Amino acid sequence: MAITMTKGQVGLTGNTAVAYAMKQINPDVCAAYPITPSTGIIEDFSGYVADGAVDTELITVESEHSAMSACIGAAAAGARVMTATSSQGLALMWEMLYIASGMRLPIILTDVNRALSAPINIHCDHSDSMGARDSGWIQLYSETVQEAYDNIFLAVRVAEHPRVLLPVMVCLDGFITSHAIENISLIDDAEVKQFVGEYKAAQHLLDTDNPITYGAMSLPENYIEFKHEQSKAMAGSKEAVLDVSREFGKKFGRDYGLFETYRLEDAETAIVILNSAAGTTKVAVDALRKQGMKVGLLRPRLFRPFPFNEIAAALKHVKVLGVLDRADSMSGFGGPLFNEVRSALYDLDARPKTVGRIYGLGGRDYKLKDAVAVFGELDRIRETGKIDTLTKYITL
Amino acid sequence: MEEKKDNNLPLGGVIPKGGTAHDYSTGGWRKLRPVLDKGKCTNCLICWVMCPDSAIITEDGKMIGFDMEHCKGCGICAAECPDKVKAIKMEEEAG
Ligand code: SF4
Ligand code: SF4
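Chains A and D are the protein sequences, given in the same order.
Going left to right, the first sequence walks through residues 244 to 639 as my numbering numbers them.
Going left to right, the second sequence walks through residues 10 to 104 as my numbering numbers them.
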């Protein structure tokens, strides 16, 4: 899709918008192996490369394992590096994801969320990025095309922040967001350039005056210290996300925090949910509010690191919470978001009652009636004080 | 094993300069030690070429012994020393 406008509103799909953000950033290297539903990102971006619209070295590889390996090599050589993938592609990158984060390389990956096999399925759920939640990558989730587009710029600044230096994964829902056209507002090329700045790696392999080795072995004498440093950088990256988001909000008028709340201030029951399904939930909130029900929503944007204290503070007045996961961690105890939120609430003196619901796997629709039904269930728990089922599947 | 509590670790586990392998003692890994019979040695230096740890010490183009801080006892030198010469024998490390 040719984009000529850089101002005002323009209709773009999630994939086109992410590719356009990448074009505006003009990274040094992009190594990728296209996979549904993220294919459009690399398809569009390779068009920009072919047209000479960017200076990026596009490395076409034979697998996602190689894509991430090439990204790591390029980043270690001091390049600003971006890629995109989905589902099995992210799964095949697994080994290299940990190496990227352990080497503290600020690579940007867009994950267009898609279910994992088996059975094979190309549609949206979050099992791919949730599976990678412990890989040491910062994870930002996006409800809309606009947010996915904006998150790419935030991601670059957070990843390259001198106190962070960690890779960042930007997640958006496969097909629902990646293929649906939305009116979004683009940022001027010059303003993008100014916001992301130039990347100068603190240490890199092409600096022959200061030779270094990447990927060396570290035995019991110091491995745990390296991991400790990485863990501190991850925990501290929350501050960088807030700083960069504030700066972005001031410049471009779109304010993003660690999470979004919707009509939560006086809510008695609330749903916690990621990405596009939050939109459907907001419609349900509005409809039920009209009927006098005090309902609200919290949508985490930053999932790694998980803002435990901030989320607990925002939810502490709620009586009953439903945490909705579009992934099952197969632990026998609900999905990953449910477990993080429930753990975050543990230290409160008076905790909301919290149930977990798994919805929408493999692209199963999550409709208005599903959100309304969850709120109905939460309200019954509020009235009776009794939880019948702590975790279960819905939208079956 | 000695534990180093280093709070100034290089970022991302990089080795921030060249030649640091020299500071790392691999000699402690040794189970067998190479012993040279100087009388047999022809100074062909095949062992010097083949040693994976650069642990063959030479002087004026002559093989004079082993760097026991880095020799890990693999026995490659003994195997590669020409059949007609066989100037290196691997012996059990004492203790
Ligand atoms: S035993 Fe192995 S490490 Fe030691 S000197 Fe011979 S070849 Fe080198
Ligand atoms: S390979 Fe054997 S003969 Fe040649 S230098 Fe070494 S020890 Fe001497």
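Note that these hints are calculated values from the structure, not bench results.
Check before you lean on any hint, since a few could be wrong.
Within a straight-line C-alpha distance of at most 25 Å, the following computed DSS-like cross-link-like pairs (lysine-lysine) qualify [to be verified]:
(1) D:K40 / D:K81
(2) A:K470 / D:K81
(3) A:K436 / A:K475
(4) A:K610 / A:K562
(5) A:K596 / A:K610
(6) A:K443 / D:K26
All of these numbers come straight from a predicted model, not from anything done at the bench.
The hints, checked one at a time:
At most 25 Å may separate the alpha-carbon atoms for a hinted pair to count; K40 (chain D) and K81 (chain D) meet this at roughly 8 Å. For the proposed pair K470 (chain A) and K81 (chain D), the alpha carbon gap of about 29 Å is over 25 Å, so the pair is violated. At most 25 Å may separate the alpha-carbon atoms for a hinted pair to count; K436 (chain A) and K475 (chain A) exceed this at roughly 30 Å. For the hint linking K610 (chain A) to K562 (chain A), the alpha-carbon distance of about 24 Å falls within 25 Å, and the restraint holds.
A distance of roughly 24 Å separates the Cα atoms of K596 (chain A) and K610 (chain A); the hinted pair therefore holds under the 25 Å criterion. Between K443 (chain A) and K26 (chain D), the direct Cα distance comes to roughly 19 Å. Compliance with the 25 Å bound is thereby established for this hinted pair.
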